[in-house]
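Trainee: Sequence:
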Amino acid sequence: MSGLDFNDLPHFIYANRRQFLPGEHHMNRVFDEDVLIVMRKGVLRFTEDGKKIELSAGEYYLQRAGLAQSGPDPSDIPNYYFVHFKGTFSENGKLPLRGNYRPEQIEPIIEALQALGNNAPRLEYERLFYNLLSELAKHQKDESMAEQIKLFLHKNYKDKSITTQTLADHFYLSANRVRDVFKNAYDKTPKAYLIEYRLDKARDLLVSTARTTADIADHVGFEDYSVFYRDFTAKYKISPSKYRLLKAPFYFTPPPNERQ
1 MSGLDFNDLP HFIYANRRQF LPGEHHMNRV FDEDVLIVMR KGVLRFTEDG KKIELSAGEY
61 YLQRAGLAQS GPDPSDIPNY YFVHFKGTFS ENGKLPLRGN YRPEQIEPII EALQALGNNA
121 PRLEYERLFY NLLSELAKHQ KDESMAEQIK LFLHKNYKDK SITTQTLADH FYLSANRVRD
181 VFKNAYDKTP KAYLIEYRLD KARDLLVSTA RTTADIADHV GFEDYSVFYR DFTAKYKISP
241 SKYRLLKAPF YFTPPPNERQ
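Heads up, the sequence shown is in our numbering, so the first residue is 1 and it goes up one at a time.
Treat the hints with caution; some may be incorrect.
Calculated pairs, DSSO-like style, for lysine-lysine (alpha carbon to alpha carbon, straight line, at most 30 Å) [said to hold, decoys possible]:
no. : residue 1 : residue 2
1   : K160      : K183
2   : K201      : K242
3   : K52       : K86
4   : K237      : K191
5   : K191      : K158
For each label pair, taking beta carbons as the anchor points, the in silico distance ranges come out as [to be verified]:
no. : residue 1 : residue 2 : range
6   : L246      : N79       : 31 to 37 Å
7   : E33       : K160      : 52 to 58 Å
8   : R98       : P121      : 29 to 35 Å
9   : D49       : R230      : 53 to 59 Å
10  : N131      : T233      : 27 to 33 Å
11  : L123      : T163      : 35 to 41 Å
12  : K191      : T233      : 14 to 20 Å
Think of the hints as simulated: they come from the structure by calculation, not from any bench.
Don't be surprised by glycine CBs; every beta carbon is placed ideally from N, CA and C.
Turn these sequences into a full structure, and let the hints steer you where they fit.
Mentor: Below, the structure written as structure tokens:
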């Protein structure tokens, strides 16, 4: 996938905020500068090189110079920050053409850029612009790492030995870094995510097999049945056996020594 190449440093030209009026369309143009769009509110719609693009708050996009852009459909009162620049794009570019960002990381840089006066040294504009690009690229890398961790958990959820530290060892990160990257992407720690994923798998097995609840708990990665019972009941507001009785009574046979 093409992205902005940092080996050939991009150069800042101009930056500002833009607020559309109700019903306003993106302009029709073939621009000779690259444009970074950082969406703050609303929805921006346009086509680029014949492809429809729709951007919402929390997204960024890199418009490339020389491509035909048009606005056949009205946008929904978008408010965004834009930077005109000259850059180089390649298949191995570090910053994807499109992605998400965290406002608390990006807004301070944008505010600092806007606070620069007309007489500010060009180097200061370039420095803040590079900071902005660096933060955007770092966030995309973190999201990619979080996705890799998630896929690893999906593939290995039955493994009872998985801990934050084993994830850290596998991905060559610190345990704190694993937690931070994952929580920033999914709003929960890897441990909490793994528990929920195991519970969802157990729920599916309860209604699709005749295996005992204890066997299912062990199969999906719980070492202690009492922990499985507690977590399942907390999430679904019903015990495993009662859930099966409710959803798949043909698989329900009251086990002699199993909690209800």
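Trainee: So, against the hints stated earlier in the document, which numbers end up violated here?
Mentor: 6, 10 and 11
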